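Peer 1: Residue-level listing of the chains:
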Amino acid sequence: MSGFEWIVPVVLTVITAATPLVFAGIGELITEKSGVLNLGVEGMMLVGAVSGFIAATVTGNYFLAVGAAALAGAIMAFLFGVLTLSLMANQVATGLALTLFGVGLSALMGQEFVGEPVQALAKLDIAGLSDIPFIGPIVFGQDALVYLSFFMVIVVSWFLYKTKGGLILRAVGDSHDAAHSIGYPVIAIRYMAVMFGGAMSGIGGAYLSLAYTPMWAENMTAGRGWIALALIVFATWKPGLVLVGAYMFGGITILQLHAQAAGLNVPSQVLSMLPYLATVLVLVLISKDQSRIRKHAPACIGKIFHPAA
Amino acid sequence: MLLKIEKRAEYSRVMVYLTPIIALALTVLSSVILFELLGVNPVEALFQFFVAPLDTKYEFSELFVKATPLMLCAIGLSVGFRANVWNIGAEGQLTMGAIVGSSLFIYFPETESVFLLPAMIIMGAIGGAAWAGIPAFLKTRFNANEILTSLMLVYVAILFLSVLVHGPWRDPQGFNFPESQTFSDSADMPILLSGTRLHFGTLLAFLAVLGAWMMMARTLIGFQVKVIGEAPRAGGYAGFSQKKIVWFTLLFGGALAGVAGLSEVSGPIDQVLPSISPGYGFTAIIVAFLGRLHPVGIFFASLLMALTYLGGETAQINLGLPVAVTGVFQGMVLFFLLASDVLVHYRFRLNTARKVAP
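In the order they appear, the protein sequences are chains A and B.
The first sequence begins at 1 in my numbering and counts up by one.
The second sequence begins at 1001 in my numbering and counts up by one.
Please keep in mind that the hints were generated in silico from the structure rather than gathered at the bench.
Incorrect hints may have been included.
As the list claims (entries may be wrong) - Calculated cross-link-like contacts (lysine-lysine; reagent style BS3-like; alpha-carbon spacing at most 27 Å):
{"no.": "1", "chain 1": "A", "residue 1": "Lys-288", "chain 2": "B", "residue 2": "Lys-1243"}
{"no.": "2", "chain 1": "A", "residue 1": "Lys-303", "chain 2": "B", "residue 2": "Lys-1004"}
{"no.": "3", "chain 1": "A", "residue 1": "Lys-295", "chain 2": "A", "residue 2": "Lys-164"}
{"no.": "4", "chain 1": "A", "residue 1": "Lys-295", "chain 2": "B", "residue 2": "Lys-1243"}
{"no.": "5", "chain 1": "B", "residue 1": "Lys-1226", "chain 2": "B", "residue 2": "Lys-1243"}
{"no.": "6", "chain 1": "A", "residue 1": "Lys-303", "chain 2": "B", "residue 2": "Lys-1226"}
{"no.": "7", "chain 1": "B", "residue 1": "Lys-1243", "chain 2": "A", "residue 2": "Lys-303"}
{"no.": "8", "chain 1": "A", "residue 1": "Lys-162", "chain 2": "A", "residue 2": "Lys-238"}
{"no.": "9", "chain 1": "A", "residue 1": "Lys-288", "chain 2": "A", "residue 2": "Lys-238"}
{"no.": "10", "chain 1": "A", "residue 1": "Lys-288", "chain 2": "B", "residue 2": "Lys-1244"}
{"no.": "11", "chain 1": "B", "residue 1": "Lys-1226", "chain 2": "B", "residue 2": "Lys-1007"}
{"no.": "12", "chain 1": "B", "residue 1": "Lys-1007", "chain 2": "A", "residue 2": "Lys-303"}
{"no.": "13", "chain 1": "A", "residue 1": "Lys-303", "chain 2": "A", "residue 2": "Lys-164"}
{"no.": "14", "chain 1": "A", "residue 1": "Lys-303", "chain 2": "B", "residue 2": "Lys-1244"}
Small disclaimer: the values here were computed from a predicted structure and weren't measured.
Can you build the whole structure from these sequences, using the hints too?
Peer 2: Encoded structure:
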């Protein structure tokens, strides 16, 4: 088996790089499926990251930390909801505002925690099987959030395509007027979808500050919120493909670390550009075929709903 | 519900001008709470934020120094926003403008020509426009969303700047610090007022304000921008090309952001550093909205946002408040503005309708 030992650490780092994107992507997917475009993912992730970090340092309890991150993300999303759903503000502008506000707020909240160490989220050892070579550490030795991220993808797929609630959510996203006229509470449903998206983004952010690099630094998401938004277009609004895309981007992010370790003679910054360039490339490849986008995108995305009566 | 929101028959002109003021009032109110939470006397903090930075002539001039890049970027962005072209990558275009513009000095440092600076400014505009041209190309050719592509290119531009200052552009006499050599006199923006840092770039910003005002009010392209933004179909029937507007607004915004970047490096910064902007390109988004996407509004809004940068520094020095307060403050302004904008198109009414008894 010698010669392949490098595979396990590479896969492990890909998983940690992909998990925040899975959370943020799957959350925003639900938001967009309800017909709302929230460009504030980056801001919600940052506030989630700092809230989770603070809760972890203060209480030492990681359940609370993840809960705090989810709550913080949901509160941010609620603000977005108040503006766009109740006050009918432009969703693009409000999403940008949410990100700008989140960058500032997280920096303010975290300023006394910069550089403080925190214990990384514990890796589990499911059924004592993580010692099995190769698959052991990968399949049985992850931290709880990695398993949660896969679980959420399954739950979201099941919810969207196998439940009545999912059908209603998609109906609201595809035609809010029709959904309203049959008597569904469009605004209330969208509030829930938006806040679910916020909670997931918050957890995604917390994964960065508690597991990926267990520390808090200003702007530590480094554009991942925006990459998550691009992922949804890439995935043509399908949960399974969000997962695939997130792992692809995780792989690209990790490539730079390993390329450097392998002694590749390229400035590290050039390798750091890869995830951003890959995002642009992917957007181009997917968007080229507009009929595919139109077929899968929620028809009401970004549109303001104001019941006439 | 006690209150209901009702669509106005026609949008309210009064509210268009009033909502920025309402937004500011709400922001100040909320920051009182914020300062209380941070354990600082709110009156003292507000004084340090908004009054103290304007104490002296020098500090007053600093207001314009800080407002310059904001004004340039926001003017460029606003024209795009008017046409529903969401370029949010001004920060990257600013960076590229600074890089391309200063490359002239970096590679010909001995030049003493009076044409050096004008050439650098033009190169800065070209650099910014070229960087913004990428999202324009990807949008018009492949339909790729310009929000995401322009933002991704911000990270790429900043990393590229980092490659340069850590490598080929590093000053050989600079003790290995990641910075270029300082600019020569002929590459520097001339100072307008001795004893201050007020520079030629500020004049360029004023020119941009006036020029954009003329363009939007008096020219065909300005008219096309407005029509495509407000009624794309009507624009289509009139034969206006959507693609042309995407190209135009992005190149225009990129060029102005590029000039902003160049005027920072050959103005107040005076050399190329790994970080040349505290997020001016992003704050410019707030400036554009706060100024109602109108050049005159943007003029005042950029001064106000510049004040929050200065106020943040003053409050940090005198009260020990974290600099991040500035960012929170700027974010709140935009939030409240967007929230109170509901009043432009809608009005609140007491809900008098009674439920009909069964």
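Peer 1: Each hint: holds or not?
Peer 2: Hints versus structure:
Note on Lys-288 (chain A) and Lys-1243 (chain B): the hinted pairing holds, with a Cα-Cα distance of about 15 Å set against a maximum of 27 Å. Between Lys-303 (chain A) and Lys-1004 (chain B) the alpha-carbon distance is near 20 Å, which keeps this suggested pair within the 27 Å criterion. For the suggested pair Lys-295 (chain A) and Lys-164 (chain A), the alpha carbons sit about 21 Å apart, so the restraint of at most 27 Å is met. For the given pair, Lys-295 (chain A) sits about 23 Å from Lys-1243 (chain B) by alpha-carbon distance, which is consistent with the 27 Å threshold.
Taking the CA atoms of Lys-1226 (chain B) and Lys-1243 (chain B), the gap is near 14 Å; set against the 27 Å cutoff, the hint holds. Distance restraint check for Lys-303 (chain A) and Lys-1226 (chain B): the Cα-Cα separation of roughly 20 Å lies within the 27 Å cut-off, and the hinted pair is therefore satisfied. For the hint linking Lys-1243 (chain B) to Lys-303 (chain A), the alpha-carbon distance of about 22 Å falls within 27 Å, and the restraint holds. About 14 Å separates the Cα atoms of Lys-162 (chain A) and Lys-238 (chain A), which keeps this hinted pair within 27 Å; it holds.
As the CA atoms of Lys-288 (chain A) and Lys-238 (chain A) are separated by approximately 18 Å, the hinted pair is consistent with the 27 Å bound. For the hint linking Lys-288 (chain A) to Lys-1244 (chain B), the alpha-carbon distance of about 19 Å falls within 27 Å, and the restraint holds. Note on Lys-1226 (chain B) and Lys-1007 (chain B): the hinted pairing holds, with a Cα-Cα distance of about 23 Å set against a maximum of 27 Å. For the given pair, Lys-1007 (chain B) sits about 16 Å from Lys-303 (chain A) by alpha-carbon distance, which is consistent with the 27 Å threshold.
Of the pairs offered as hints, the one joining Lys-303 (chain A) and Lys-164 (chain A) holds, with about 23 Å between alpha carbons and a cut-off of 27 Å not exceeded. With a C-alpha separation of about 25 Å, the suggested pair Lys-303 (chain A) and Lys-1244 (chain B) falls inside the 27 Å cut-off, and the hint holds.
Violation of the numbered hints given earlier is absent; every hint is satisfied by the structure.
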